[in-house]
Amino acid sequence: MRREGSPWQGLGAVMMKELADHLSSARMRVLEWLVVLTAVAALYSAIGQLRDTTAEDPFLLLRLFTVQSSSLPSFVAILGFLIPLMAIGLGFDAINGEYNHRTLSRILAQPIYRDALLIGKFLAGLVTLAISLTCLWLLVVGLALLFLGVPPGGEEIARSLVFLIVAVIYGGVWLALAMWLSVVFRSPATAALAALGIWLLLTLLWPMLAPAIANVIAPADPRYAALGLPTPETLEWQQILARLSPHDLFGEAMLAVLSPSTRALGPVFLNQLQGAVLGAPLPFDQSLLIAWPQTVSLIAAVILLVVGAYVTFQRREVRA
Amino acid sequence: MDAVIAAQGLTKRYDGAVVVDGIDFSVGKGETFGLLGPNGSGKTTTILMMLGLTERSAGNVTVLGEDPMRSPLTVKRRVGYLPDSIGFYDNLTATENLAYTARLMGLPRSERERRIAAALARVRLSGVAGKRVGTFSRGMQQRLGLAEIIMKRAEIAILDEPTSGLDPQSTIEFLDLIRELRGEGVTVLLSSHQLDQVQRICDRVALFQTGRIVLMGPVGDLARQVLGAGFVVEVEAEGQGLDRRLAAVPGVSAVASIGQNRYRLTADRDVRPEAARAVVAAGGALTKLSVDEPSLDAIYARYFQVGSGVPREVSDAA
Chain V
1 MRREGSPWQG LGAVMMKELA DHLSSARMRV LEWLVVLTAV AALYSAIGQL
51 RDTTAEDPFL LLRLFTVQSS SLPSFVAILG FLIPLMAIGL GFDAINGEYN
101 HRTLSRILAQ PIYRDALLIG KFLAGLVTLA ISLTCLWLLV VGLALLFLGV
151 PPGGEEIARS LVFLIVAVIY GGVWLALAMW LSVVFRSPAT AALAALGIWL
201 LLTLLWPMLA PAIANVIAPA DPRYAALGLP TPETLEWQQI LARLSPHDLF
251 GEAMLAVLSP STRALGPVFL NQLQGAVLGA PLPFDQSLLI AWPQTVSLIA
301 AVILLVVGAY VTFQRREVRA
Chain L
321 MDAVIAAQGL TKRYDGAVVV DGIDFSVGKG ETFGLLGPNG SGKTTTILMM
371 LGLTERSAGN VTVLGEDPMR SPLTVKRRVG YLPDSIGFYD NLTATENLAY
421 TARLMGLPRS ERERRIAAAL ARVRLSGVAG KRVGTFSRGM QQRLGLAEII
471 MKRAEIAILD EPTSGLDPQS TIEFLDLIRE LRGEGVTVLL SSHQLDQVQR
521 ICDRVALFQT GRIVLMGPVG DLARQVLGAG FVVEVEAEGQ GLDRRLAAVP
571 GVSAVASIGQ NRYRLTADRD VRPEAARAVV AAGGALTKLS VDEPSLDAIY
621 ARYFQVGSGV PREVSDAA
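First to last, the protein sequences are chains V and L. Just so we're aligned, residue 1 is where the first sequence starts under our numbering, counting upward by one. Just so we're aligned, residue 321 is where the second sequence starts under our numbering, counting upward by one.
Some clues are possibly wrong.
Claimed, not checked - To spell it out: a stretch of chain V is covered by chain L in this simulated footprint if at least three of its residues, at any positions, have a beta carbon under 8 Å from a beta carbon of chain L; those stretches are:
1) 10-23
2) 99-108
As the list claims (entries may be wrong) - Pairwise CB distance ranges (calculated):
3) L/G450 - V/R27: 37 to 43 Å
4) V/R319 - L/R444: 26 to 32 Å
5) L/R434 - V/P7: 25 to 31 Å
6) L/G336 - V/A300: 35 to 41 Å
7) L/A438 - V/R319: 53 to 59 Å
8) L/A574 - V/N100: 35 to 41 Å
No lab work stands behind these hints: they were computed from the structure. Backbone N, C-alpha and C define an ideal beta-carbon position, used for all residues, glycine too.
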């Protein structure tokens, strides 16, 4: 049987209220400063390195995102860690906060469905993320213009805009996860800890665990080992497992988009490279094609997690 | 009288535990109905089922002719709910809180501002409209909750434990506001465990015990039914053979002597005029005459004392 009325009734109102809450919260101030300071630190070292190679590189702006010095990882790598933190910070008390402030039953007694509350909160978090990341992006491009004095080309801008969009989607994954946990756990502290635990597991431990598990599933072939080569099956499993982590997907997509010379994200056979001009940049649309599966996977993860949160929330009793 | 809320066999089970056990009741348009009972007796769960906020396990309930599970938006648009936790956002001002509700309802901006200002004026909160709700006392928050119901122009106001935690002055003010609401034809349904306060404003009450309605009806009727009679009149008078004279007054069912020259009459109505006449006719000197209104507290205490935990058959005195 169909429900009466629109599930989106009140969505805009919830979203605007949550957005206002986010943007004026002290939490947001802390996150902003964290992001800006890290960005400045990463760019400072990158710009220092880039000054030496200005003339040689056609994609100077993009190099800004990816170059790493001995002491600091690249800007993209730092964002890969920071965006989840921001997203978890925005989402970990989304629903259980309403329970704990005892506001939930009054809000749900208004003529809206629970859908509007959950989706409204998610969208508000996503817009907040998008606003901060856009500011960051403008900051980086502006600083690049100031310090390097070389105007970026159209393709560079296009690629960095794709970076921005994928970064927001990546943030959406963590936001949806944090919100789901905020439905599952009644205490915001527990939800935050669980989210941070999953974040640590997927970004720090998983890259180490994936090869180990791959080795168990497909043990190394002694014939390849004798030649000093990795076994293709093991390599394949390793990649499949590693891609279960959104951090890995984000890293791969960024590699394809921001390093135009990236031709493939997995192991390739030598015959596949025949006729290729190694090191030559791919056209923009070809790079997009390489990053597309990763981007779609991230979007799918967002949808799955939001659906999980939705189903759990629908089954929750209103009474705290 | 049209029933705006009607429940038949309404039941809620949580993991096998029965919280609300097959209750039947109906509330007429414009009536003030009280759900009374100790904490945990199923009052709030009943309210949540009426709003479609929790699914019922069995039975039926209609609110304004609609099924709250099937058409929740219609029901929630026409019914105002004030939870026992109130639940306004502490970091928003009174106006902002009401504006949020109004936007959730989809009211246009001009209408919104007008209604909010009017509602805040009605509950005498206009002076603190721009203050954050976190700084409000419990009484002010309750009044703000009532302002929300007024702003919604709800046809039914459901108030969960509206007087708990209020000081006597705030309670009186709040009950006056509820009376005003009723004066405008709003049906009021309220739950409480503070029987004496609720008794003052309810047309009918339903007494809950462990998920069942054990008694239902106007307070006076319940008193007659449970206490044997509704009114207790105390007479202090000097004279000879007054007890026999008083016992002969029509409507008096018993006369007890409770001290020198003091008598307690149990009657089915207020028999003060007749008692006074009887004393004077007997040549006695009347020094004091008072009547005890039938009290819900007494009814409640007596009922559960007599029943000694065994619930009687549901009796509807209405």
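Which numbered hints fail: Violated: hints 3, 7, 8.
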